[in-house]
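Q: Line by line, the protein sequences give chains E and Z.
According to the UniProt record's numbering, the first sequence is numbered sequentially starting from 1.
According to the UniProt record's numbering, the second sequence is numbered sequentially starting from 1.
Misleading hints may appear alongside valid ones.
Residues from chain Z that face chain E, not an exhaustive set, calculated with beta carbons under 7 angstroms [what the hints assert, rightly or not]: (1) Arg80; (2) Ser103; (3) Lys125.
Bear in mind the hints are in silico, worked out from the structure with no lab data behind them.
All values reported here derive from a predicted model rather than from experimental measurement.
No residue lacks a Cβ here, since even glycine has one placed at the ideal position from N, Cα and C.
As a plain string of letters, each chain reads:
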Amino acid sequence: MLGLGVDRLQADINRLLASLFHQGVLDEQFLQLQQLQDETSPNFVYDVINIYFDESEKLLRNLRLLLMDREFSDYKKIGLHLNQLVGSSSSIGARRVRNVCVAFRSASELSNRPGCLRGLEVVEHEYHYLKNMMHELFQLEQQRILAAGVRYPM
Amino acid sequence: MATKSTGGTEKTKSIEVKKKLINVLIVDDDPLNRRLHEMIIKTIGGISQTAKNGEEAVILHRDGEASFDLILMDKEMPERDGVSTTKKLREMKVTSMIVGVTSVADQEEERKAFMEAGLNHCLEKPLTKAKIFPLISHLFDA
């Protein structure tokens with residue numbers, strides 16, 4: 001019975017991951033992260049994804065502050081922040097976030113403020129979707145680990 | 001400040017290959033990349049230290065005692081970037097293999113200038129085991 005619980009959770013995890021790959025939310029680089037994780041670093045993927053969330057939220061906050069400023073004209077700074085976001089998104093396999101950042105960057109290279117504001121909204125939307133999906137994935141993983149660890153006396 | 005993490009011997013199929021443990025310095029301002037590259041180095045059989053920018057990397061070498069088989073050098077960093085750091089380390093007679101790490105946004109002329117600063121190789125992010133191992137496999141020969 002217990003085995004069924006673990007199997008069901010694993011199936012849920014596999015289904016969620018397959019869906020995220022199918023939607024293009026994640027790409028092959030995410031698999032690279034999973035392959036690096038081992039018993040000596042069992043929380044590696046979780047740690048790296050959380051670093052990504054922390055750093056990305058700082059960058060998104062800075063981007064919003066820059067663009068909300070009526071006197072804003074520093075498109076070079078926007079470009080630098082976006083380069084960082086593109087790079088870190090690529091590093092974890094966050095393909096859709098990466099792609100919308102690239103589109104946003106094109107608007108900043110043209111000094112197109114309305115385009116940048118639209119770009120920022122799209123990036124924030126994709127980022128939050130990814131974050132929610134990752135939380136769901138980690139919750140399922142946690143439940144699976146707990147279910148695998150439960151032992152009843154014979 | 002620089003930090004250390006350790007790797008180990010690697011089993012290849014059913015044969016345990018005795019390899020030298022390579023000593024790597026990871027120079028990157030991005031904490032995500034530092035963690036990722038640390039893990040890559042650990043899984044291919046190395047120990048690593050990290051530096052948050054080029055200035056920290058230079059300070060590590062100042063007393064002449066630092067000895068790294070490999071330095072992974074990010075290009076864009078605050079305080080001292082990868083190009084300036086590489087030039088400075090070569091001026092200091094550092095003979096470690098230095099592999100530059102660039103991003104897809106870097107132009108060809110920027111990569112060329114980075115190579116000319118004294119790199120042995122240049123790789124584009126994201127780094128993977130498959131990208132890095134062929135360049136450094138000879139470093140494992142004891």
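Q: In ascending order, which of the hints set out earlier in this document are inconsistent with the structure?
A: 1
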